[in-house]
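Based on these hints, arrange chains X and U on the given structure of chain G.
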Amino acid sequence: MAGVIARRRRNQRAFRWVVFVVLGVFFLLPLAAMVEFSARDSQTWPLLVNWPKLSDTYPDLADGIVASLEQAGLTAVLMLVLLVPTAIWVRLRLPRLRRTVEFLCLLPLTIPAIVLVVGLAPVYAWVTYFLGDSSSTLVFAYTILVLPYAYRAIDAGLSAIDVRTLAEASRSLGAGWSTVIVRVVLPNIRSAVLSAAFLTVALVLGEYTIASLLNRTNLQVSIALLGKSSATMSVAVSLAALLLAFALLLLLSLAGRSRKDSK
Amino acid sequence: MSGVAVHLEGLRRAFGSVHALDDLDLEIAAGELIALLGPSGCGKTTALRVLAGLEDADSGRVLVGGKDVTALPANRRDMGMVFQAYSLFPHLTALENVSFGLRLRGRRRDPGRAAAMLDLVGLSAHGRRYPHQMSGGQQQRVALARALAIEPAVLLLDEPLSALDAKVRVQLREEIRRIQTEVGTTTLFVTHDQEEALAVADRVGVMRAGRLEQLAPPAVVYQQPAGAFVADFVGLSNRLPGVVSGPVVAVLGTELPLITPAAAGRVTALVRPEAVDVTPDPDGSGRVLTSSFLGSTSRVTVAVAETLVVAQVASGQLPSLTPGTAVRLTLQPVPVALDPGN
Amino acid sequence: MPEKALAAPRRKPRGTALLGAVPFFGYVAIFLIVPTLVVVIGAFAGTDGAVSSANVEALTNGYLLDAFGRSIVLSAVSALVGAVLGALLAYALVTASGLVRRIATSAAGVLAQFGGVTLAFAFLATIGLSGFVTVWLHDHLSIDLYANGVWLFELPGLILVYTYFQIPLMVIVFLPALDGVRPQWREATESLGGSTWQYWTRVAGPLLAPAFLGSTLLLFANAFSAYATAAALVSQGSPIIPLQIRGALTSEVVLGQQNVGKAMALGMVVVVAVVMGLYSLLERRTAKWLG
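Chains as they are written, first to last, in the UniProt record's numbering: chain G, 1 to 263; chain X, 1 to 342; chain U, 1 to 291.
It is worth saying that the hints were derived from the structure and are not from the lab.
Please note that the accuracy of each hint is not assured.
[What the hints assert, rightly or not] Partial list, computed: chain X residues near chain U (C-beta under 10 Å):
{"hint": "1", "residue": "ARG12"}
{"hint": "2", "residue": "PHE100"}
{"hint": "3", "residue": "GLY101"}
[As the list claims (entries may be wrong)] Here are the computed distance ranges between Cβ atoms for each label pair:
{"hint": "4", "chain 1": "U", "residue 1": "PRO206", "chain 2": "G", "residue 2": "SER230", "range": "48 to 56 Å"}
{"hint": "5", "chain 1": "U", "residue 1": "SER195", "chain 2": "G", "residue 2": "VAL18", "range": "18 to 26 Å"}
{"hint": "6", "chain 1": "U", "residue 1": "ASP66", "chain 2": "G", "residue 2": "VAL18", "range": "37 to 45 Å"}
In this text, a Cβ means the ideal position worked out from N, Cα and C, and glycines have one as well.
Here chain G stands alone, though its shape is the one from the complex:
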């Protein structure tokens, strides 16, 4: 049969293949190039997985890695402590403030990191005065940076359940506010909290702007520094960091999807 519809499907399939192949090459080529580039020196990869030797050869890089892991963990904790109780509390007791909280949380989207640094410089003069100039102090700025993403994740989780009814039900059973938040609401938004934490870790591991301009160190700063002395090694570390971020975010998006599917 002369299938009019079948012909259109074939055209669509051809279009799809052209797009996938062309853009696939564009996206995969830099990754392939990184593999090739970092393998030019056969010493690179064995060194990268040998932590004692690595921290010996490239102490700055080792410092950066440790600092980044510290920052990622601490930012996730600070973000959760600050945001989760507030988001729940505002929904329960201060519904009028919800718009304000949302606005403040999404504000960093319109303030580029480079602009934030300009304003943060004097604030960090005080931070240094009180807490020293350790790289961990970046956590304060990073918590602001991840606020929009973490807020949206947690807000979506809270929207999916009826917080008010849950709270009223448990309070009618004699629970206090802290019990309501910790033992009733929190378990119900576990996956939202988890994805907020994941996103935070991924974003902090990729952060460069604030760290470099506030003269502190982290993974990205040390990679940039390394690029000036050992190109091969810096590309290898970039690739490794990238694969780690890939794994983290893919895990996150697949987890988010299966949650949606099971609904």
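Relative to the frame of chain G, chains X and U by itself:
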């Protein structure tokens, strides 16, 4: 604007191992409204989409006004189509939606036509509204006006009422019938709602597994169903044991005529609830089990020995038919179908 | 007693409830509001502390104006290229099977976040002076990528590198709009006699236009705010505004340069805010049509 005849000839269409259309033949007379009725997956929508040119058939031909249009793409078949829902263009007003087809034909200076069509569906006051500002029923009216505006050879309605609530559904189906009669366009109406099909069509085609089980006027389909599937699907039926002898079947002590002759022996007869009369009788063999009020009529379930019989009675009778009442059942002598048995 | 406990929260003044929000508001005030105010006030503060428009006027200086111009060109071109290619990819994904689409959208989510130092190094490894592609082209086809100068570290290079995260971002923000396009609209157009061309120009085009435009604006803001990728790639000169701000922050030589940096920062915020405002307007239109 009078209609043209449509002929679907030996259409076959398989999706994997499922035969959506299995050698389907269907003739629609000029100006006729045929309703295709059947359970979901019976192929009725596929038949409509093949006629519209939105789906390919594996084999077979589509003739419109004697012309073979099988190889023509949808946009050259000259058919107006109304979809289940959400088919209006959301960026255009009601009036712009209706005149869309006319504009495509370069008849942009024909404002009277689109307005007249809106008037025909009773929405002349809503021309400037956008789809999201209208109710579901209004949207479907606009969709009907849009389909008719291009003066199509054939009008195709794909479950146009199934997304609406009951009251609007009844109202709109009557309006569709009125308008169709008025413009005289040959129409194919696809639905899974038997009441709707019976109410609106000149002839009803009952489909199963890609084939037509019966194609006949509504009254015939209802009263003389061609086989158990049709009897079962169109209206509710009691399955009662009976014995065939000659041209009649004896059911619950009453001899009823057969629609189609059958071999003598034990059978299952399909008897409509409205063909069962219930009378209170202390000596009767039946007992009322349940009764439910449905408005002007009511439904009573009666147990006769091991058999359950559903009867439709006038609601005035209900007070005398409380559960536990002993009753006598009489069957009206209308022709019945037999369950072929499986 | 339990009744009293239940009734109590309603009776209590809202003050105690407000206490619960104090940590959040306090934190945000110190680390978000104060920095914002520092930028805004600093932009209008003269060297002597008095109100002055000198810093903002300094933005009209030739080299700063040029930097703003280049920033806008970079953002606009990378947004347009990203939007067009991303929309094509998104359309291809809509017609593809569920599995392909799932994998591709997950990958897009990752790649859209992929920027900064690692992206810069990825491109250095690809088309840097000794990059994989540069070397391969030179050895096998005798093509010199940089016959007309090393464009990777200038505007064309930045555009190319930015496209790498713009396309996936477009896929993510444009897919929902494409999903909102119902197959009935195409079928209705066809049954009304419309060709494929007419469907795209009269139905799908106008319907998707606000979403496309809005997504392009979002991409513009994304590129305009980006700093790390350019900072890692460009070590000499400051062709775009974020790099000019870096210069103002790190130079301690020129007095008053600090506040010009704040004026530039304010300028960036204004541009991004305007663009994002337009974006949310278009977004609302899209939600009405395709939601």
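Point to revise | Which numbered hints fail | key: As far as the earlier hints go, only 1 is violated by this structure.
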